[in-house]
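Number of protein chains: 2
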Amino acid sequence: MTKENRPKARVAKGFRDIAADEIRGTRQMLAKIQEVYEAYGFEPVEQPFIEYTDALGKFLPDQDRPNAGVFSFQDDDEQWLSLRYDLTAPLARYVAENNQKLPTPYRSYRQGWVFRNEKPGPGRFRQFMQFDADTVGSASPVADAEVCMMAADTMEALGIQRGQYVMKFNNRKLLDGLLDSIGLIGEESAGRRLIVLRALDKFDRFGFSGVEKLLGEGREDESGDFTKGAGLPQRAIDSIRRLLIRIDFGGSLESSNEEMLSQFEQLDFAVNETFAAGIKELRAMSELFASAGYGPDRIRFDTTIVRGLEYYTGPVFECELLMETKDEDGRTVRFGSVGGGGRYDDLVARFTGQQVPATGFSIGVSRLYSALKLAGLAQEAATLAPVVVLVMDKDRQGDYWRMVQQLRASGVRAEMYAGTAGMKAQMKYADKRGAPLVVIQGGDEKAKGEVQVKDLRLGSELASNIASREEYASQRLAQFSVAEADLVSAVKKALAQ
Amino acid sequence: MTKENRPKARVAKGFRDIAADEIRGTRQMLAKIQEVYEAYGFEPVEQPFIEYTDALGKFLPDQDRPNAGVFSFQDDDEQWLSLRYDLTAPLARYVAENNQKLPTPYRSYRQGWVFRNEKPGPGRFRQFMQFDADTVGSASPVADAEVCMMAADTMEALGIQRGQYVMKFNNRKLLDGLLDSIGLIGEESAGRRLIVLRALDKFDRFGFSGVEKLLGEGREDESGDFTKGAGLPQRAIDSIRRLLIRIDFGGSLESSNEEMLSQFEQLDFAVNETFAAGIKELRAMSELFASAGYGPDRIRFDTTIVRGLEYYTGPVFECELLMETKDEDGRTVRFGSVGGGGRYDDLVARFTGQQVPATGFSIGVSRLYSALKLAGLAQEAATLAPVVVLVMDKDRQGDYWRMVQQLRASGVRAEMYAGTAGMKAQMKYADKRGAPLVVIQGGDEKAKGEVQVKDLRLGSELASNIASREEYASQRLAQFSVAEADLVSAVKKALAQ
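From first to last, the protein sequence lines stand for chains A and B.
Quick note: the first sequence, position 10, residue 50 per my numbering, numbers continuous.
Quick note: the second sequence, position 468, residue 508 per my numbering, numbers continuous.
Since the hints were derived computationally from the structure, they do not count as laboratory data.
Watch out, some of these pointers could steer you wrong.
Heads up, the list lumps identical chains together, so a pair's fine if it works in one copy or across two of them.
[Claimed, not checked] Result set (DSSO-like, lysine-lysine): computed pairs, CA atoms no more than 27 Å apart in a straight line:
(1) 532 - 472
(2) 53 - 98
(3) 208 - 488
(4) 434 - 98
(5) 486 - 468
(6) 488 - 472
(7) 488 - 464
(8) 98 - 413
Given only the sequences and the hints, what does the whole structure look like? Please build it.
What follows is the structure in structure tokens.
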């Protein structure tokens, strides 16, 4: 292959490689989440990465691409296939296909990569991992409440202190009822309702001043891009404002969820059936939270939570981490959302025509891992780099191999140098690997029945503390000899230091 | 949505959903493989699912589709993207892109789904999982040998007895040397060399009589489809026959790998430089196997192993399970290959122009899991279904919730019924879930400060042993009352039975 037609080695735009620390840390985190979900009696199930495009449907927020945020391609029989953009749409397909076989309700969990064909940005990738739990086949607010309590328990199982997270909940029916009452009803208003929904989902980022523009004529961002608004009349915007701003009705951290709900009901909203149904479900959830001992410090009613996905029909929830971090401009901000979910009663009915009520919660795995790392709760450092046995004499690789075998058999991570380079390059290799110790046996040591153990950690520590090379050489603390037979115990002793 | 435009709920062709048992069993299996690879000092690294098409290259065997077995699609900037078809091509891209940062040699492992745009068949899916380990940056046969020994250790860590698996190894340079010697050299013979390679890869399935046809004019299968052969002259086919049929030179299970190699060298092959280099590498590997204590019962020289992937350049290996199973026609056959690999010295050079020697081994995860299940070694049954607390009184869900909380806190998997149905449907639910016990507290029990525990396992056991309903009802062994305060200890005691 000539230089001209060689491909360039580059990761695809919006994708990334994942290094050892993050893989190990994520693995431990996933195992803890899984432990909580298993204890709750949820069962694992997995759907494939690829589904028929029509089976997934189109429910993504912020579709800035012609193919609506999804990677799609045609099969050889001309049917369109798509990479899943979340884990909920494939689950709905699965339940619709297998409903007869499944228990009712069907409580399941799954973890996996999803794909969005979107503009990548800083920290925003086109492949990311979600961890979902869902209850399908129960219309009871108990199912929604259970998912919220399980999410709160999960945060604590991960070591996040009470007060450092809050699970916020709301109900889409409040907003739906309000939109009904201002005349945004039926198919012809679907587009504007969606604009309202997505405007409200940005409350966290823009505050009400930004949201207000998106509800009205539109909003120009810092780059000058203009987003067209929903064009609501001022009266409607005022109603939405009162729905969102909790401080208006005296909600505070000390109030119980029931108190907040009561205050909320006392306001003179144009209450209709949908709105009332939302309040009733919120009450049922609040009661279970209270009697199960989950106070508003853990799970809190919050009308600003709407969630951007179109398919939610009732309770919605979002898990927010309260620990502080820096935003892109270096300002101190709360870490923010690491997951969310809600009730999606119509997703299965898309296939079957029969409503199968469902609710679920999805964790953004990479975001949650970043949060744990920030909080010093990620355990990626637990794995020690291996002890490296150098190859001093190529004819004696069998001997060196038996050394690593002995070390491994006693639980020590160990490797024999697998390359072809000399002693100097081997030491450099061990150093780059972060090896705590190297084991050396040249001809002289072999003749004496000994091995040398060199402590690289001690070596580099000494090197930084000792003024002269002479002093360093004279100390030789970082290297010692042991009898061949004592190799394993000597290595274990040195590692324990 | 009207009936006419509802999508049909169906999993996409060639894909599948995965149930709880397989997920749990696979998870445990992956953890064990990982433990071995970690002990060897390999480090995890992961590449994304999507790469630029030119970066992946085209190395798949049996390409029966115009897009060469790969799922591909265009990005919005017109660049072609593909779903990875294995984990090796993305690793080569990663190493080419990050070589300066990585230690030499770079020993890594990864596990993940890969995708093939192929005709699906029975047990043949378009999404499957691989678990790979690779050493990049070492030309030493020690690196190849290490991967083979690690694979053998992995099989035993999974509980597969010695004698139930064998890691077979060979070297592509034997075949390459032989093809050189019969004049199949250079670019213009690349197509025919590939046909030879893929014919030999089918030795296991067709035996030499089938392979012989593919080396000559071609082969007609049972369905009447004709596969064009390589068109080699009979003399060349005879040479290949002698390369393949170990029995010709007296190889047997008792012979050491070195003895087999020696016998092999004594044959009057037209030995050239390539062939001799292959023998030399095989010798180096055999010596390390012998001195490290891996006999030919575990790792065995076998000239029939060639591997179908085009990119291998030196040693190749395959892990075969010897336990018996039934094939599609009900015949008893050996389970066969669960993984393979080899040396691919040119994959990184595709990008950089500089050769970076590399070798690796890939486990077919689903196949290996099937084998473990067949051998009774899969541990999917370890997770007990949860205890179900029935909801007898909707106003007392808080009480029931506290019961499941107590059970979980003491390590018992437990759930509160999350649906809206009555007692009969709840019992049916618990039964379908496979719940070992249900916990019941209606108004009467509450008044007495008691709960009922019903043992569903015992119930169904009794039901099958007891002749009459009266006898069953009179025994009532399957149900007992305990004081509320003793719920947890009573449940734990019942579960321990």
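Hints, verified against the model:
For the homomeric pair residue 532 and residue 472, the shortest alpha-carbon distance inside one copy (21 Å) is at most 27 Å, but the shortest distance between copies (51 Å) is not. Taking the closest pair of Cα atoms, residue 53 and residue 98 come within 27 Å of each other both inside a single copy (23 Å) and across two copies (21 Å). Taking the shortest alpha-carbon separations for residue 208 and residue 488, neither the intra-copy value of 69 Å nor the inter-copy value of 38 Å comes in at or below 27 Å. In the homo-oligomer, the alpha carbons of residue 434 and residue 98 never lie at most 27 Å apart, since the shortest distance is 61 Å inside one protomer and 37 Å across protomers.
Proximity of residue 486 to residue 468 under the C-alpha cut-off of 27 Å is restricted to the intra-copy arrangement: shortest distance 23 Å within a copy versus 72 Å between copies. Taking identical chains as interchangeable, the C-alpha atoms of residue 488 and residue 472 are never at most 27 Å apart, the minima being 30 Å within one chain and 69 Å between chains. When the C-alpha separation of residue 488 and residue 464 is checked against a cutoff of 27 Å, the pair qualifies only within one copy, where the shortest distance is 23 Å, while the shortest distance between copies is 80 Å. In the homo-oligomer, the alpha carbons of residue 98 and residue 413 never lie at most 27 Å apart, since the shortest distance is 34 Å inside one protomer and 39 Å across protomers.
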